[in-house]
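There are 2 protein chains.
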Amino acid sequence: MLTVKNKTLMENAREGLIEEAVVRAGLNEGVAAEDLARGLAEGVVVVPANPNHRNLVSAAIGRGLRTKVNANLGTSSGVSSLADEKAKLQAALEAGADAVMDLSIGEGVEEILRELLAMCPVPFGTVPIYQAALKAREERGSIVEMTVEDIFDSIERQARAGVDFITVHTGLRWETIGMLQSQGRVADVVSRGGSFTLAWMLHHQKENPLYENFDRLLHLARRYELILSLGDALRPGAIADATDQPQVHELLTLGTLVKRCREAGVQCMVEGPGHVPLDQVEANVILQKRLCGGAPFYVLGPLVTDVAPGYDHITSAIGGAIAAMAGADFLCYVTPAEHLGLPGPDDVRDGVIAARIAGHAADIVKGVPGAREWDRRMSTARKALDWEAQERLALDPSKVRAYRGRRLEEGECTMCGPFCAMKVISQALGGEKLTC
Amino acid sequence: MLTVKNKTLMENAREGLIEEAVVRAGLNEGVAAEDLARGLAEGVVVVPANPNHRNLVSAAIGRGLRTKVNANLGTSSGVSSLADEKAKLQAALEAGADAVMDLSIGEGVEEILRELLAMCPVPFGTVPIYQAALKAREERGSIVEMTVEDIFDSIERQARAGVDFITVHTGLRWETIGMLQSQGRVADVVSRGGSFTLAWMLHHQKENPLYENFDRLLHLARRYELILSLGDALRPGAIADATDQPQVHELLTLGTLVKRCREAGVQCMVEGPGHVPLDQVEANVILQKRLCGGAPFYVLGPLVTDVAPGYDHITSAIGGAIAAMAGADFLCYVTPAEHLGLPGPDDVRDGVIAARIAGHAADIVKGVPGAREWDRRMSTARKALDWEAQERLALDPSKVRAYRGRRLEEGECTMCGPFCAMKVISQALGGEKLTC
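Line by line, the protein sequences give chains D and E. Position one of the first sequence corresponds to residue 1 (the working numbering), numbered consecutively onward. Position one of the second sequence corresponds to residue 1 (the working numbering), numbered consecutively onward.
Just so you know, nobody snuck in bad clues.
Dumping the calculated DSS-like pairs for lysine-lysine here, alpha-carbon to alpha-carbon at most 30 Å: (1) D:K135 / E:K383; (2) E:K423 / E:K383; (3) D:K206 / D:K259; (4) E:K433 / D:K206; (5) E:K423 / D:K135.
Beyond 12 Å from chain E on every Cβ pair, some chain D residues (computed): (6) G16; (7) I18; (8) G30; (9) R54; (10) R63; (11) L82; (12) E94; (13) T147; (14) R160; (15) R216; (16) H219; (17) R222.
Treat the hints as calculated values from the structure; they're not laboratory data. Yeah, the Cβ is synthetic: ideal placement off N, Cα and C, and Gly gets one too.
Take these sequences, add in the hints, and give me the full structure.
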């Protein structure tokens with residue numbers, strides 16, 4: 001039994017009708033449902049709410065809310081299995097991911113999507129063009145043989161299955177490809193869906209099918225309360241390519257499409273880079289917010305250097321923190337395996353934790369309710385040498401337990417032993433006799 | 001046979017005499033010796049060069065140079081051994097640390113210092129008050145029983161052994177303690193040396209002995225070409241305490257002491273925070289550079305949140321990158337063990353790598369020669385699917401090897417398999433038939 005609605009969440013919010021998903025998201029986010037509905041009506045907040053995602057716990061992404069973290073999952077050809085993907089989803093959820101995307105592009109993608117969705121209480125995203133490309137390759141020998149119908153069929157199947165948001169590379173146009181070719185880049189295109197789209201356009205000498213058929217896409221999105229995550233096919237994949245003409249031209253297109261989404265009552269986000277040097281990260285956020293009318297900004301990284309494969313959870317945590325401070329709303333994690341291979345469950349966990357650190361560091365200065373207080377409570381526990389509270393308050397208590405088991409004693413820790421500054425100062429300022 | 005000089009490196013640089021250590025440091029840094037000598041003369045660059053550190057490979061820290069990374073080593077009471085410390089030093093050097101500090105405060109500190117120095121080609125630092133406090137505790141029952149002579153004796157012994165730079169908590173004054181007490185802090189004092197100094201001052205009701213005897217300290221520093229690293233006893237140890245009155249008052253004092261160092265021909269650096277929210281990191285650097293006449297800034301972190309014990313290499317990489325972009329010259333690593341216990345060799349390695357990532361990300365935008373080119377070479381290798389070059393160019397090749405061994409095939413990687421964006425785009429833009 002599938003649920004199909006006549007009015008979208010956004011349309012109802014504009015008319016003052018606050019749907020249950022918004023009420024529940026408000027409760028979970030710790031903000032008034034009215035505020036959330038206002039943000040939704042304006043298009044600066046999204047509330048994932050595909051009615052077919054039955055076990056979804058309501059949440060929201062956007063202005064004034066806690067910075068959210070997405071974990072990318074998914075198989076690659078012949079490398080990963082359903083069991084592996086379940087283990088990765090479990091790892092992502094345990095580490096505190098706020099959303100996941102299934103980027104599977106191997107055998108049995110429909111089964112994997114169904115199984116993962118069934119065990120996933122957080123918003124769930126996909127890139128439907130992968131499935132269309134896979135099918136075209138299997139049936140007709142090449143990804144460029146996919147048809148417009150294949151793409152829309154894939155979108156509708158995934159929406160019907162309960163996917164809450166989909167990446168659609170709608171901003172890559174003929175004119176943009178011309179810019180890409182004339183300027184030259186170190187790393188050209190690193191978006192997989194973007195590369196499929198570009199290859200299709202060049203092969204058929206036709207405009208981007210999702211740009212050409214954007215109204216049809218909006219129609220589908222309305223049917224399933226599907227959030228369109230407007231993808232950045234031309235996100236820079238090298239520091240040298242950041243904030244260049246093709247990237248900004250694509251963003252201009254996405255800005256116009258944000259308006260069309262809003263006119264159609266369809267929720268949308270905008271995706272962003274990528275590899276960006278430290279001093280351009282804030283500018284990228286300001287640009288997106290201005291050109292896209294404050295639409296939620298979903299960034300992949302940004303990675304602030306190219307040279308640290310094996311540690312890109314760290315390079316992206318640096319960029320992600322700055323981006324989120326500047327206003328990015330949603331951080332797509334990057335795992336230590338990035339640029340090297342498909343991540344395993346440990347990589348997934350490390351990626352989620354690093355992105356959560358970045359998001360929280362930004363939430364402290366964004367003024368997200370409760371963020372600064374969390375740090376204060378931790379530091380108060382630290383000052384009191386209250387290890388139980390420190391463990392409980394830790395972003396990842398399991399890691400604290402691992403270190404405690406290894407080296408912590410009661411009272412002071414092994415870093416300073418009896419020469420603990422916290423203890424010395426408590427005694428000195430308290431007028432007590434020093435115990436060391 | 002000890003070497004004692006009449007004129008310091010800085011004095012000679014001012015008179016146009018470029019000593020061998022400066023020439024060699026220039027070669028190693030890839031900058032002209034004349035430029036380095038000019039920075040040294042001005043006090044915006046330091047060249048560690050204790051003649052008694054026989055195996056020192058010359059380097060420099062400061063304006064216009066690659067951001068450097070320090071790794072803290074050292075035993076705690078009864079927890080760690082000489083063998084452990086040697087293993088940690090080895091790990092730090094292999095991971096690419098530019099300097100190390102031995103913060104040992106346990107049994108056999110003199111032997112550990114001697115042994116570590118003998119195997120250490122990078123600049124070597126200590127906090128001599130630790131040894132003075134340890135001795136006072138052993139001989140007279142409490143750290144507050146240390147005398148001014150104990151402190152200077154400890155400094156001289158370590159300088160004679162070959163230490164290149166020492167942290168001295170000279171900025172903590174009576175007036176500053178009053179500010180600390182009247183305003184209240186969540187975490188009071190988290191600097192170990194700072195806590196010893198404060199406890200001593202309160203116990204004896206006397207001014208900071210190193211502030212009072214600063215000329216004597218300068219005299220010693222001249223004798224051994226010792227760099228004074230002016231410590232921040234009141235660095236914030238909690239986000240809530242950042243950039244507060246006591247911290248800034250201490251920095252004001254350090255600014256006046258920088259002038260006295262320069263007048264005496266003594267090289268110095270200034271140490272900085274600590275726990276600092278994202279939006280205050282840049283301000284802290286600007287403040288230090290202004291108040292301390294552009295003296296090299298040596299920051300511990302900064303950590304941009306308190307709540308991630310077990311991952312403070314990441315919280316500090318975020319703050320360190322922003323600090324270095326704003327002008328910080330020298331990053332003291334923080335390991336994942338921070339706030340939990342004494343680090344082991346793996347923690348040391350992870351800490352060094354994370355800090356190097358932060359420093360390099362900043363060097364890209366600071367315009368440090370070669371920094372941006374390194375990223376371009378890596379991305380070019382990535383685009384060419386040249387795995388051998390990617391491994392060679394990686395900040396940590398061993399990590400790339402570990403992942404490669406696990407999951408890399410020839411050509412594409414397991415992330416995308418045949419659907420590699422790099423490959424698809426090369427074929428599509430090159431007008432070739434797609435192989436997928």
